[in-house]
Structure formats: C-alpha cells, structure tokens
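J.: Could you put together the complete structure from these sequences and hints?
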Amino acid sequence: MRSKSMWLKPALILFMAVFVFNAAPLKAETVITLWSHWADHDSKRNFVEGAARAFESANMGMKVKVTWYEKKALYAALKTALRAGQAPDIFYAEPNQIEYLENNMLYDLSKGLNWNNIEGWAKDGWTYKGGVYGFPLEAWTVELYYNKKILAELGFKLPPDNQFNQSEFLDVVKKARTAGITPLALGVGDRPYPGAFLTHEALLKSLGTEDYDKLLKGQLDWGDSRVREALEFVKAVIDAKALPSSFSTLKLGESHFYFHTKPGALMFLMGSFYPSRAFNPTDKGGQPPDFQLGIMQYPALEKGACNNCKTITIGGSYAVNAASKNPDAAVKFLNSLATPEMGNKWLETVLVQTGIKADPSRITGPYASYFQDLAAIDAPCIFYPDLPLGAMHGKAKETFIQVVNQAFPAGLLSVDQVIDKMNALR
Amino acid sequence: MSDTVIKKGSFSLGVRRDLAWPIGAIVSFLLPAMLVYVAFTAYPVLRTLFNSLHQVLPGRPNVFIGAENYIELFKDEFFWQAVKNTLVWACTAPLLEQFLAILLALALYAKIPGARFFRVVWFTPVLMSFVVVGIIWMWIFNYDWGAVNVILRELGLENWIRSWLGDPSTALPSLIFVTTWMWTGFNMVVLLAALHSLPSEVLEAAELDNCSWMKKLWFVMVPLIRPTILNLIVLSFVGKMKVFDLVWIMTKGGPLWSTETVSTYVYKRAFEWSTFDLGYPCSIASVWFIIVLAGVLLLTFLFRQRGKLEY
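Keeping their order, the protein sequence lines are chains A and B. Under the working numbering, the first residue of the first sequence carries the number 1, and numbering increases by one thereafter. Under the working numbering, the first residue of the second sequence carries the number 1001, and numbering increases by one thereafter.
Don't take every hint at face value.
Straight line, CA to CA, 30 Å or less: simulated DSS-like cross-link-like pairs of lysine-lysine [unchecked claim]:
#: 1; chain 1: A; residue 1: Lys148; chain 2: A; residue 2: Lys303
#: 2; chain 1: A; residue 1: Lys397; chain 2: B; residue 2: Lys1111
#: 3; chain 1: B; residue 1: Lys1268; chain 2: A; residue 2: Lys217
#: 4; chain 1: B; residue 1: Lys1084; chain 2: A; residue 2: Lys395
#: 5; chain 1: A; residue 1: Lys397; chain 2: B; residue 2: Lys1216
#: 6; chain 1: B; residue 1: Lys1075; chain 2: A; residue 2: Lys397
#: 7; chain 1: B; residue 1: Lys1242; chain 2: A; residue 2: Lys214
#: 8; chain 1: A; residue 1: Lys395; chain 2: B; residue 2: Lys1215
#: 9; chain 1: B; residue 1: Lys1242; chain 2: A; residue 2: Lys251
#: 10; chain 1: A; residue 1: Lys421; chain 2: B; residue 2: Lys1075
#: 11; chain 1: B; residue 1: Lys1075; chain 2: A; residue 2: Lys395
#: 12; chain 1: A; residue 1: Lys129; chain 2: A; residue 2: Lys325
#: 13; chain 1: B; residue 1: Lys1084; chain 2: B; residue 2: Lys1242
#: 14; chain 1: A; residue 1: Lys148; chain 2: A; residue 2: Lys174
#: 15; chain 1: A; residue 1: Lys217; chain 2: B; residue 2: Lys1075
#: 16; chain 1: A; residue 1: Lys175; chain 2: A; residue 2: Lys251
#: 17; chain 1: A; residue 1: Lys325; chain 2: A; residue 2: Lys71
#: 18; chain 1: A; residue 1: Lys72; chain 2: B; residue 2: Lys1075
#: 19; chain 1: B; residue 1: Lys1242; chain 2: B; residue 2: Lys1111
#: 20; chain 1: A; residue 1: Lys421; chain 2: B; residue 2: Lys1242
#: 21; chain 1: B; residue 1: Lys1242; chain 2: B; residue 2: Lys1215
#: 22; chain 1: A; residue 1: Lys395; chain 2: B; residue 2: Lys1111
#: 23; chain 1: A; residue 1: Lys251; chain 2: B; residue 2: Lys1268
#: 24; chain 1: A; residue 1: Lys123; chain 2: A; residue 2: Lys149
#: 25; chain 1: A; residue 1: Lys129; chain 2: B; residue 2: Lys1215
#: 26; chain 1: B; residue 1: Lys1111; chain 2: A; residue 2: Lys72
#: 27; chain 1: A; residue 1: Lys421; chain 2: B; residue 2: Lys1268
#: 28; chain 1: B; residue 1: Lys1084; chain 2: A; residue 2: Lys251
#: 29; chain 1: A; residue 1: Lys217; chain 2: A; residue 2: Lys421
#: 30; chain 1: A; residue 1: Lys71; chain 2: B; residue 2: Lys1268
#: 31; chain 1: A; residue 1: Lys123; chain 2: A; residue 2: Lys397
#: 32; chain 1: B; residue 1: Lys1268; chain 2: A; residue 2: Lys397
I should point out that these hints are in silico values taken from the structure, not numbers from a laboratory.
T.: Here it is, written out as structure tokens:
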C-alpha cells in the first residue's frame, strides 16, 4: 500500500505538469479566422498571406488562419455560416452587400481602424448610418485602355487632354471596324457589370454625380432628356459594331486576352484591375511584352454636365464579423494592413489600386510608369464612388444586369426599351 | 391469429405478443431509415413551407407574414418568365429525347455495323457532369471560333451565324438541345434493354404473319415498350422541371431572362439578391414543388388511363 502511494504522487505531479505545460500555449494562442475571395489571384493571396505571417511574427500568440474561396462560393458559404453563427472573424466583403449592414452582421470599425491611412472616399464607401464597416483594401476606376500602335495606324491622335469628343470617338470606332479591327473589347459571359461600363460612364458624364446618383436610386426619370442623349450616344457606338460579336458569352479573362493578344482590339473599357491579369507573363494570359498600352478618357459628351467624371469603386474589402469572439485581434490585424507601406506594396505587387493611402510616385519596378500614367489620367477626374450595382438592389439590380449590362450593349434593345424597362422599376 | 404467452423459467411475464405484428423488429428496422428520411426530406420540406409564411432573418425571431410572399410571387413577372421557360423545356425535351432514343435504340437493336462502338459513344454524354458539358457546349456555341459557326461559315450559311447563347430567340433552344444531347444516351440504353426483353414468340408470330419491319415496330414493339417510354418521359419531365446546373454554367438565366428557370431564380433570390430573407425563395420552392408534383400525378394518371383503354 505504501509503495503504491509512493508512485502515485509523482505520477500525479508529472501528469499535472504535462497538462499545464501543454495547455498553457493553447490557452494563450488567439486564432483569427479569415475567409477571403481571390483563391486564384496569386498576387493578392501572397500579399494577404505575407501580411498574416508578418502579423504573427510581430504578435506572439496570435495566428491568422486564411481560407481561400472563389467569390460566388464564398458568398454562398458566408450566407449559411453567418446564419448559423459559424462565420469567421474576418471575411471578404464589398460595400454593395447591403444585406450585411441591414442585418447588423458587421463590426463597427469607425473607432478601431486607423482611418488616417485610408482614403476619404474609401471610408465613405463603407459608411452606413454613422458607422464604418469595412476595410477597403482594393479599389478600382473604370478606364478606357487602348492599343497605341493600332490607334496610330488608323491615323488618329489623342487630344492633349486624352479625351475624344463624341463624334471623334464614333469616327474611331467606325474606322477600326472598317479596318477589320474590333473597336472595343468587352464581354459579360461571367460578370454582371462590364457591359454596363459603356452606358453608365456616359450617364455619369451627361448628368454629373448628383443627378446620376438620383438616377441610380430611382429618383430621376430614365426618360430625362440628358439620359436619353447619353443612351443615344451609346446606341450609336453599339450600332457601329463597336463590341465583339461574342460579347454575350465572352468572359472577363477572355476579354483581356481578346484585347491584347487574339484577335486584338483597339480599346478596352475595363476596371483598373486590368494590370493584375495583363502584367502577368504571356504564358499566364498576360499581354505581349511589346504591347503598347495607353489610357484615354471616356469620350466627352456634347452636352455633358461633367465630362471629367469617372466611376471609382471599392472592390475587395475585409469586414469583421459582429459576432466575432476576437474583434480586437481582428481589428489589430487589419490595422497591420492599413499602412502607407502596405498600400505601396499592394500597388507594386498586386498592380491594382487600393483604398489605403499610397503614393504611386514612390513606386519602383517595371510597372512604375503605368501607375504614373494612371495617376496623371485620374488627376483631373471627379469620382462617383460606386458602380450602379452597388446603388441598386433587388429587381432594379437584376433588371439593370439583364438590360444595361447585357441586352442593350448586345444590340437587343432600343433606347426607348431601355428607358421603359428601367422606369418600370422606379 | 395466434397469440403466444412468453414465459421466463416457470413464470409467465404476462406479455402477449402478436408474432404477426412484431412491433419491436419493425421499429428497429425502420427507425434508421425513418430518421434519415425525416431529417433530410420531411423536415426540409416542412421547414420550407414554414419559411414561406414567415420573414426569416438571421439573429431575429421569425415574423409571421401569412400569404404575403405568395401574393408577391403571383405578381412577379420574373417568376412567370421562369415558369414559362421551365415548362417549355420540360414539355419539349422529354419528347425529343424519347424520339431520338428510340431511333438510336432500334439502330443498335438491328445491330448496325459498329453497334458496340456507337453504344459507347452515344451513352458517353450521360457520364459527364453538367459543368463539363456546359463548358464544352459553350465552346461549341462560341461566336468566333465555335464549331457550330465554323461549320456554318464553311457551308456558306453566313446568314445563320449568330451568338447562339447571346440571342434570346436561340438561347433556350440551344440549352434544350444540349440536355437532349446529354440524356438521349441514357434513354437509349433503357429502351435497348426493354427491346431486348421483348418476348421472342410475339415477334416471331408477327414475322410469320408477314408483318413488315415498320409494322412490326409500330404495332408490336412500340406498344410493348410503351410503359418504359412513359416512365422515361416522367423521369425526364421531373429532371427538366428542376434544371439548374446547365443554365448556371452557360447563361445564368440571360439574355433578358430567356433561359431563366425556376431553380435558377430561386437561387438568385436566396443568394444573390442582397437579402438574407429566405421566406420568398421558400415560397417559390413551395409553389414549384406543388406544380411538379401535380405534373407528375397528371402524367401518371393520363398514362394509366390510356393504358386501361388500350388494354
């Protein structure tokens, strides 16, 4: 009996020691879970993963576990997980996802995040009822890229302000088509927005930011004469066969390739995320090394109220789950991203604009000149901070996608039909 | 009916069990399957009906709204467009599939040269997933370099060239064609099995009566395989009423809702309409469940009636 208790005590002490030593680190470690889009965007993944590892090194006992998805799969997973209370601490979101805001699912970042390092328009984009709910990592503008070589071969020269007027632009389109070149690469095979670029940039220029905002929110008649004039200009461009015949089924990635490689197009109306695909090596779908990329302004409308207006939109952002058990740690991680250094790193490595304050003039590397050109083109612009899809919801959004994004540019609808269909939802 | 008194040792337990109704065995055999059925079929169906009468938002109690969703549904033009497209699909594709499947099955039954090879080739599309089929046919229908337009160009039929999936007048027929291509092989195999199981004495009797091949087919073989054809039509009808994957891959319901089906519309309303409310999508699903059920019952009833009359 004595010998039994003699062994029992040390065994118990040993067990306790093992338990305590093993349990202690587990208890101290905080795991921040993050679900993000961009599963197939290497540069963005590398940026976020790199930031996560740096954050872990700087904050002992904290771990960032990132799970990568494609956008649609992520949205479906999040809707289910948020309902079930199983969503991660941080997740990818875009400001047009009003359902998160309406259902109080996002943590208010207005006090926790270092907003001094974030652009004002980017903060505004995530402001809702006095709170700010997203960290705007990615942002982009709608740009009209063109092939300098083809434009010169067609005998055109851009005006000093880089902006053709309405009739000059139509001439360019017609001459390109006559020469057997697709004037404007664009496709809506897998996205609900690129086809609408052509129309909403004309509407924005025709109306100016204030009335354009009213139009998108259903407070202005689509039969307004300025709206009609913008639509008629777009219709003239469409009727001049500006877009590829495969417009309806051409996917976003394919439209990039269509523009810079095969068959090649004169212009490409696209988000300024263009370089994230085009500046890849050619075997990964990038533009040819000798490709002469230029950027011009969308054409000025004859009676345009704001011909230097342009759409800017906040793209991929990170939001903190309102039900997170680690909101402070999650905000701390986002703050590690919200620095000018990280903003510049994002520009240099991801090659897409950001809502973080960055300085393109300090960017080095092979694409420095591109960012300087982009900054110069955007310098005189007044920005409207959202795509129409962000301002619209429900039936209006669905109709806009089907009518303005797809059917109108595809030449399936007249101006009157567009006006009737959009007005029916007001 | 015999009752047995179960005894333990010398004591009667007083329990009278009916061996013809062994409730314990029935329960133990049925319970696992019943649990699975209740959890994964009955409960979701009932929950869908419940949701359709409520506003269902996360983190908030469900709010009873009565028939509000159903009233909105009947005024929803997108829904009716989706219903129209789905019904067109469900009423045409099964007939096309059966017609082609019978022809192919007869060709194999008649042992055409290369029958084994063709049997594999014609059946292969069934083995592919909708995703693969969708991508392949998107390539085939591509305006610039798709096989369809390339062939039309080669044949000098330039006027026929079009964006097959981008034109509202051809998008739905194109999708119907793809499902027909995909499922004809399955129907063919089932019909071929039915043809092979026909009683040889009946066919020989027809031959002795100097029946031509066509007459033998029309008056003997087709009536004998009619139950199989009807079952295949019902199966195909149900499949087409629920079609989702192919539309989602190829057109997402566009252009101008010309390929929107009820299933894609439910998905859009549940996951893409900037709302967490499941009530409205559930009301669509409930109405559609009843319509599909009614359609199947009607078809079954019609086919049975006809069978009785013929008999």
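J.: The structure should be examined with respect to each hint, and the outcome stated for every one.
T.: Each hint tested on the structure:
1. A:Lys148 / A:Lys303: Roughly 28 Å separates the two Cα atoms, so the pair holds.
2. A:Lys397 / B:Lys1111: violated (56 Å)
3. B:Lys1268 / A:Lys217: Within the cut-off at roughly 21 Å; holds.
4. B:Lys1084 / A:Lys395: Holds: Lys1084 of chain B and Lys395 of chain A sit about 19 Å apart, inside 30 Å.
5. A:Lys397 / B:Lys1216: violated (58 Å)
6. B:Lys1075 / A:Lys397: Given that 30 Å is the threshold and the Cα spacing comes to 18 Å, the pair holds.
7. B:Lys1242 / A:Lys214: Outside the cut-off at roughly 40 Å; violated.
8. A:Lys395 / B:Lys1215: Measuring from Cα to Cα gives roughly 56 Å; hence the hint is violated.
9. B:Lys1242 / A:Lys251: Distance of about 26 Å is within 30 Å: holds.
10. A:Lys421 / B:Lys1075: holds (16 Å)
11. B:Lys1075 / A:Lys395: Status holds; Cα separation ~13 Å.
12. A:Lys129 / A:Lys325: holds (24 Å)
13. B:Lys1084 / B:Lys1242: holds (13 Å)
14. A:Lys148 / A:Lys174: Holds, at roughly 17 Å.
15. A:Lys217 / B:Lys1075: Roughly 23 Å separates the two Cα atoms, so the pair holds.
16. A:Lys175 / A:Lys251: Measuring from Cα to Cα gives roughly 26 Å; hence the hint holds.
17. A:Lys325 / A:Lys71: Distance ~25 Å between Lys325 of chain A and Lys71 of chain A Cα, so the pair holds.
18. A:Lys72 / B:Lys1075: The given pair, whose Cα atoms are some 29 Å apart, holds under the 30 Å limit.
19. B:Lys1242 / B:Lys1111: violated (36 Å)
20. A:Lys421 / B:Lys1242: holds (29 Å)
21. B:Lys1242 / B:Lys1215: violated (37 Å)
22. A:Lys395 / B:Lys1111: Answer violated: Lys395 of chain A to Lys1111 of chain B is near 55 Å, above 30 Å.
23. A:Lys251 / B:Lys1268: This hinted pair holds, its Cα atoms lying about 20 Å apart.
24. A:Lys123 / A:Lys149: Violated, at roughly 39 Å.
25. A:Lys129 / B:Lys1215: Distance ~78 Å between Lys129 of chain A and Lys1215 of chain B Cα, so the pair is violated.
26. B:Lys1111 / A:Lys72: Not OK: Lys1111 of chain B and Lys72 of chain A at ~48 Å, beyond 30 Å, violated.
27. A:Lys421 / B:Lys1268: Measuring from Cα to Cα gives roughly 20 Å; hence the hint holds.
28. B:Lys1084 / A:Lys251: holds (28 Å)
29. A:Lys217 / A:Lys421: holds (15 Å)
30. A:Lys71 / B:Lys1268: holds (15 Å)
31. A:Lys123 / A:Lys397: holds (24 Å)
32. B:Lys1268 / A:Lys397: holds (12 Å)
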